[in-house]
Amino acid sequence: MNGEKTTKRVFRMMMAWNDQKEERWLSDQAKSGWHMTSVNAFGYTFERGAPADVAYRFDWGPGCRRDQSEYLGIFRDSGWEYMGRRGRWNIFRKPVVGGVVPEIYTDPQSRIRMYQRVIGFLCAFFAIMVGQMVPQISREASPANLGRFPWVMTIYCVLTAFFLYGIVRMVFVIRRLRRSAPTPS
Amino acid sequence: MSTLDKKAGKFLPLTEATYLILASLTQPRHGYGIMQDVEALSAGRVKVGPGTLYGALTNLLQQKLIRRVGESADGGERRKVYALTPLGERVLVLEGERLASLSRLAADVSKRLGGTP
Chain A
1 MNGEKTTKRV FRMMMAWNDQ KEERWLSDQA KSGWHMTSVN AFGYTFERGA
51 PADVAYRFDW GPGCRRDQSE YLGIFRDSGW EYMGRRGRWN IFRKPVVGGV
101 VPEIYTDPQS RIRMYQRVIG FLCAFFAIMV GQMVPQISRE ASPANLGRFP
151 WVMTIYCVLT AFFLYGIVRM VFVIRRLRRS APTPS
Chain B
1001 MSTLDKKAGK FLPLTEATYL ILASLTQPRH GYGIMQDVEA LSAGRVKVGP
1051 GTLYGALTNL LQQKLIRRVG ESADGGERRK VYALTPLGER VLVLEGERLA
1101 SLSRLAADVS KRLGGTP
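First to last, the sequence lines map onto chains A and B.
The first sequence begins at 1 in this note's numbering and counts up one residue at a time.
The second sequence begins at 1001 in this note's numbering and counts up one residue at a time.
Just chain A, same shape as in the assembly (with noise of 0.2 Å):
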């Protein structure tokens, strides 16, 4: 191990529906021994350790911080240990232990609940930006600007296509589960 790095830094860009390739790349970190010390919004840290099994999971925590204790507490209380934010995600781990992976949705429906609050906010964010968008493009259109390639509304089209893109995904996993899912919530 001498000279060896035994903490690294990993840039890693998050989508807001990918939630899932998310743990299953932190638990393969982990299994290759390397376990995260800290997340923030660019990446994680990672620190050298033993190789284990360890389950990581993101959740769509509560909007409201004065309900953050209580929610933490939860989860504290049932073994998971919370690892930090990642935007709205709440990051936790909990070890594997005999072969049973730990869930924190142990049924479907209350992750179907949890995604809609994802589409939610993901719509929310969606209107605003639209907003935002509709008085930049009829200025754009004037006739003072033809002729010229239209940069914002490039950036616009791009940024429409990537909220709409992340939306309907949402709705793929939630119609997924769905389907494992026949009783009535």
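Take the hints with a grain of salt, since some may be wrong.
Chain B stretches covered by chain A per the calculated footprint, using a threshold of three residues with CB under 8 Å from any CB of chain A [unchecked claim]:
| no. | region |
| --- | --- |
| 1 | 1043-1056 |
| 2 | 1078-1086 |
| 3 | 1104-1113 |
DSSO-like cross-link-like pairs, simulated, lysine-lysine; straight-line CA separation at most 27 Å [as the list claims (entries may be wrong)]:
| no. | chain 1 | residue 1 | chain 2 | residue 2 |
| --- | --- | --- | --- | --- |
| 4 | A | LYS94 | B | LYS1047 |
| 5 | B | LYS1080 | A | LYS94 |
| 6 | A | LYS21 | A | LYS31 |
| 7 | A | LYS21 | B | LYS1047 |
Quick caveat, the hints were computed from the structure, so don't treat them as lab data.
Glycine included, C-beta positions come from ideal geometry on N, C-alpha and C.
Following the hints, complete the assembly by docking chain B onto the known chain A.
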């Protein structure tokens, strides 16, 4: 039928997790206490994860089936304590009656099909 029963009837049927959470709140408990009791009530068959529990508590508070009755502070950690409201009690009783009549039917059906009732 009383207005309380009419109001309570709108919440039926409950999911299994919701029924067990309400059943555990026949006496006031904090969040983790509910998780442990649900597992005990169902003889280890149903485990409620913290995400599911927190979401359920938020919904049940909004629906006024449960309320917060204070805080417990053991081991330096403060935990909110929950209890049933009168509406929550009615929902639990009505769902119990529904399940009991289903269960009588189930025993009868099993007997007719040659299974153990």
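We went through each hint and held it up to the structure:
no. : hint                   : verdict
1   : 1043-1056              : holds (count 11)
2   : 1078-1086              : holds (count 3)
3   : 1104-1113              : violated (count 0)
4   : A:LYS94 with B:LYS1047 : holds, 16 Å
5   : B:LYS1080 with A:LYS94 : holds, 23 Å
6   : A:LYS21 with A:LYS31   : holds, 15 Å
7   : A:LYS21 with B:LYS1047 : holds, 25 Å
Going through the hint list in order, the structure does not satisfy hint 3, though it satisfies all others.
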